[in-house]
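**Q** Each chain is listed here by its residues.
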Amino acid sequence: MARRVLLVLGALVMLFPFAWMVITSITPAGSVLATPPDFTPDGANLDAYRRLLDTMPFWRILLNSLWIGVASTILQLVTSAMAAYAFARLPFPGRGALFAVYLATLMVPLQVLIVPLFIEMRTVNLIDTYFAVLAPTVASAFGVFLLRQAIAQVPKEFDEAAVLDGAGHFRIFVFIVVPLIRPALATFAIFAFMASWNSYLWPLVIIKSPEFMTLPLGLAELHGRFTTEWNVVMAGSVVSVLPIIVLYLIAQKQVIASVAQSGLK
Amino acid sequence: MTLTATRQGRRSQGSPVPRPRGRRWRHALTVAVFLLPSAIPLTLFTLVPMAGSLWTSLHEWDLITPMRWVGLDNYLTLLADPETHAAFLHTLYFIAGYLPLVYAGGLGLAMALNRAMRGRDVLRAVYFLPVVTSWVVVALMWKWLLNPAAGIVNWTLGLLGVEGPGWWTDPSWAMPSIILASAWKDLGFVMIILLAGLQAIPKEYHEAARVDGASAWQRFRSITLPLLSPSTFFVIVISLINGFQVFDQVHVMTGGGPAGSTQVVVEQIYNLTFRYGRAGAASALSWLLFAVVLLVTLVQIRAQRRWVNYG
Amino acid sequence: MPKELPAKRFAAAVLATALLATACAQGSATKAPSAESGKVTVRYFTFSAAPDHVKDLDTIVAAFEKENPDVDVVVETAPYDQYFTKLQTSLAGGTAPDTFELNYENFVTYASAGSLLDLGSVAGDEPAAGLAAESLNAFKHDGKQFALPASFSTVVLLYNKDLFDKAGIPAPTADWTWAEEQAAAEKLTDKKAGVYGDFQPVQFFEFYKTLKQAGGEFLTADGTKTAFNSPAGIKATTWLVSKVGKTMPTEAEIGGTADYDTNLFKSGKLAMWHNGIWQFAGLKDVPFNWDIVVEPGDTSKASAVFHNAVAASATTKVGKQAYAWAKFLSSSPVAATTRIQSSWELPPVSDQAVLAGYLKDPKPANRQAVFDSLNAIALPPVIKRQQEMQDAVTQELTSAAAGRKTVEQALADAAAKVDALLG
Chain A
1 MARRVLLVLG ALVMLFPFAW MVITSITPAG SVLATPPDFT PDGANLDAYR RLLDTMPFWR
61 ILLNSLWIGV ASTILQLVTS AMAAYAFARL PFPGRGALFA VYLATLMVPL QVLIVPLFIE
121 MRTVNLIDTY FAVLAPTVAS AFGVFLLRQA IAQVPKEFDE AAVLDGAGHF RIFVFIVVPL
181 IRPALATFAI FAFMASWNSY LWPLVIIKSP EFMTLPLGLA ELHGRFTTEW NVVMAGSVVS
241 VLPIIVLYLI AQKQVIASVA QSGLK
Chain B
266 MTLTATRQGR RSQGSPVPRP RGRRWRHALT VAVFLLPSAI PLTLFTLVPM AGSLWTSLHE
326 WDLITPMRWV GLDNYLTLLA DPETHAAFLH TLYFIAGYLP LVYAGGLGLA MALNRAMRGR
386 DVLRAVYFLP VVTSWVVVAL MWKWLLNPAA GIVNWTLGLL GVEGPGWWTD PSWAMPSIIL
446 ASAWKDLGFV MIILLAGLQA IPKEYHEAAR VDGASAWQRF RSITLPLLSP STFFVIVISL
506 INGFQVFDQV HVMTGGGPAG STQVVVEQIY NLTFRYGRAG AASALSWLLF AVVLLVTLVQ
566 IRAQRRWVNY G
Chain C
577 MPKELPAKRF AAAVLATALL ATACAQGSAT KAPSAESGKV TVRYFTFSAA PDHVKDLDTI
637 VAAFEKENPD VDVVVETAPY DQYFTKLQTS LAGGTAPDTF ELNYENFVTY ASAGSLLDLG
697 SVAGDEPAAG LAAESLNAFK HDGKQFALPA SFSTVVLLYN KDLFDKAGIP APTADWTWAE
757 EQAAAEKLTD KKAGVYGDFQ PVQFFEFYKT LKQAGGEFLT ADGTKTAFNS PAGIKATTWL
817 VSKVGKTMPT EAEIGGTADY DTNLFKSGKL AMWHNGIWQF AGLKDVPFNW DIVVEPGDTS
877 KASAVFHNAV AASATTKVGK QAYAWAKFLS SSPVAATTRI QSSWELPPVS DQAVLAGYLK
937 DPKPANRQAV FDSLNAIALP PVIKRQQEMQ DAVTQELTSA AAGRKTVEQA LADAAAKVDA
997 LLG
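Residue numbers (our numbering), protein chains in the order written: chain A, 1 to 265; chain B, 266 to 576; chain C, 577 to 999.
What the hints contain is simulated information worked out from the structure, not anything from laboratory work.
In the DSSO-like style, the derived pairs of lysine-lysine whose C-alpha atoms are separated by at most 27 Å in a straight line are: (1) C:896 with A:208; (2) B:468 with A:156; (3) C:767 with C:981; (4) C:893 with A:208; (5) C:631 with A:208.
These numbers were taken from a predicted model, which means no experiment stands behind them.
Start from the sequences, fold in the hints, and give me the full structure.
**A** So this is what it looks like as C-alpha cells:
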C-alpha cells in the first residue's frame, strides 16, 4: 500500500510539467508564465492553438514529421534487429572489433558531424530532399546494442532446437528470435520514433524548402529574437508530445501481450 | 551459454571443427546479409562524416573562408587550455551525479511497476512523460521550481527551516540543479529498458526461490540483479556515452554559466563550431572526447564478463 | 513454438520499407524547386520574419515580383538562435542563399571573410536612394557597400506612468540623467510589494551603450586594443551593477526565469524598463498607463540601435537580381510602409513623410522618442571574433553583478580577454 501511495505521489510530480504545459497553452497571451504560475487562468481559451495553425502550414508539417518518423522507425527496427542477431548469434572473425566500431559511431557529438555530412550530401546533390533527412537515421548503433542485449538473453536452447530441425538463420531470426524479443523491439520502436520525431539540428541545416519542414523546425520558429509567445510554444509542445504518448501506449500493449504469449512466463 | 562478443569472436577463429569451403562462404554471406543493411548507412552517414571531422580537426576553419592546415596545433592548444580541463571536469561531475541517481531511481521504478497492480499501465505512461517532453519546456518548468526566491522547492525548504540555495544562479549549485533535472527527466528511459529486461526473467525462478524460503532481498540479489545484468550493462554503457555528450539541458538551462560553472565539453564544441567560427578546434575537441568515451566503453566491455550474465 | 503471425509482420515490415524507400527516392526526384520557364530564382534567407511577419514579407515579395516579373523570390526562414548555424553550414557547403539577412554585429565577420558580394559591382547606375546615410554607412566595409540596411530597432526607457503618479514623482523626461533615474528608482522600489524601480540587464549590449553615455570608448581609435578599462568603464559598470539587488531584482530572484522582466513590467510591478521598441506590440492591452522616453545619459546621451541588413552572397550567379531584391527590401515605399504598418521594426529610410506613419499609433503617446533616440546613437563595437567578445564581456559583468568579483577586477579581466581576442 505504501508503495502505491509513493508511486502515485511520484506520478503527480512527473505529471506536473505536462499539466503546466497544457495550462500555459490555454492561458491568454497577456498572463503567460506568471510567477508563481496560475493554475486556474482567467479567460482560458484555445487562441494559442489557433495561432499555431495560422502561423505555419501546420498540417503539412505534422504530416512530414509523421511519415518521416514512421519510415525511420521501421527502417531502424529492421536494420538494427538484423545486425543485433549477427552480433549475438553469428560467430565471425573480428566480431568484437566490429561491434566496437558500431558503438564508436555514438561517441562523436553530432555538432561536428553536421558540416561534413552536409558537404557529403551536397556533393551527391541531395540537399533539401526527404532522402537527406531520412538517410542518416536508418541505422542506429543504439538499437543494435539494445537488441543485441535482448537477443543475448534469449535461451540458446530455442534456436538449437530449430537448428536440429534444419532451420537456417533467417528462419531462426524471423520465427524464433524476433517474437521472443518483442518487448525490446517495442521499446526500441519508441526510441527510434522519438529520435526522428525530435531531431532538430540536422533537418535545420539540410532542409530549405518550407514544404519539407518538420515539427521541431516549425516549433523553433515560434521563438522570436527578442520575444517569445510562450502560450503558442506550449501549445506546439503539447501537440508534439501526443503522438509519442500514443505510440508508447501501443508499444506497452505489445510488451505485455508478448510476455503473455511467448511461453516465457 | 552465450558469451560476450569478443570471446565468441575469438573462439570461432580457432574453431576446432573444420568447415567445408562452401559452408564457410555461405556463412560469410549470411553474416553479410544480416550486417549490411545497417553497416552501409552507418558507414556513409556516420563514419564518413567522422573522417571528415578528423580531417577538419587538423585545420583552422571558420566555415566561411577556406580551411588552413595547422597539423596538430588544435590538439596542442586545447590540451594546454585550462578551459578544456574545466569542461572535462564539469562533464565528469555531471556523470558522477547523474548516473547513480538515474540508475537507482529507474531500477526502483521498474521493480515497483513490474508487479501487477491496478492502474499500472497508466502509472508507467505517466513516468515516461518527462522523457518525451522537450528540454525547452522541462527547463522552463525546473527554472521555476528551483527559482531561488519564488520557487516551490526553496519555499518548501523554508517551511522546514532550511534556507534554500541559489540553484541555477550559484556557481556551486548550478551543476547539481542540472543533474537533478536530468535524472528526473531520464528516469522513465531507464525504467522502460529495465522493465523490458525484468519481463524476460522467467517467473519460475522467483517462485522456486520463494519455495526455498528466500527473502525478497535475497531473491533480488541472487535472481533479479544477475538476470537483469545485460540490461544493466546496456543502460550503463549508453548512459555513459550520452552523459559524456551532455548538451541539451545545459544549453537551455544555463548555457554553461554562471561563471562557466556548467561549461561541459559539448557545449564548448557547439560554441566553437557555430558561434565562434572555430570548426577545427571544435573537431579536435570532439576527438579528444571520443578518445575518452571510447576508452571508458572498452574498459566496460572488458569488465562485463565479470558481472554480466548472458542467456 | 510461437505462432506464424510475427513472420508475416516481419515480411510486411520489409515490404513497407521497400515501398518507403521508393517513395523517398521519388520525393527527392520531384522536389527540385522548378524555376518557371525564363524566370530567375533569387533565394532570400531571413531570421526576422518568423513567426510574426511572414505574411508581411510575403506582401513585400509579391510587390517586388510584380515589378520584376522575371524574378522569383524564394524565402527561407530560421529562428535567430539557429540562423547562423544554418547560414554557416550552407556557406561551408558552398550552397549559400543568394541573399540573406545580417545584423550589424555579425556583418563585419562575413564582410571581412569575403563571403559577401560588393553590391557596388552590380548596382550599375541604380544606386539605392532614400536611405538614411548613417544606416547606409554602417554596412560599408573597406569603402565598399557589402549590404543594404533593411530595418532597425532602438532601445528606449519604458515606464509605468501609474506607478510614478501614485508615488508623486514626475514622469521621466528626455533631459534625465542617471542621477535622476537612480533617485526615482530608489523611491519607486518597494520590495515588500514586489515592486522594482528599474530593470536594465547586465550584459554586453547595455555595457557598450552605458560606456558611451559615460563618455568612454570600447576600443582604441585604431581598433587594435580595448579602451574600456578606464574611469568611464568603471563608472558604467558600477552604474549597471549597483542597480542589482537595490532597485532591480538580483540574479537569484530572477533565477533564469524566461521573460522575467517582461512579466514584471506587464504585471505593473516594474517602474522603469530599458528595452526595445519590439516590446510595444505585447504591451497593447496592459491595464495601466505607460509611455517611453529617450534613455537617460550621463555625460552624454547614447541610444542603442539594432540594425539588420540584406547582403548578397559572393558566389551568387544572379547578382543583378539579388541587388534589385535587396534594394527593394531596403528602400522601396512598399517595404517601408509594410514595416511601419505592422510594427515590423523601422525602415531605414530618410523620408520623414514615410516615417510619420509610425507616429499615428496612439500607444505609446511619446512615439517621437523613438526617432529622437536616433540623434545620438551608440553602435556596438564590432570585431572579427564578435561572439567570443560578447560572451566574455557578459560573463565578467555577471560575475561583478553577483558579487563574485569587484567591478575593477571584472573589468580588468574582461579587457584582458578581449585584448587576447583582438590578437
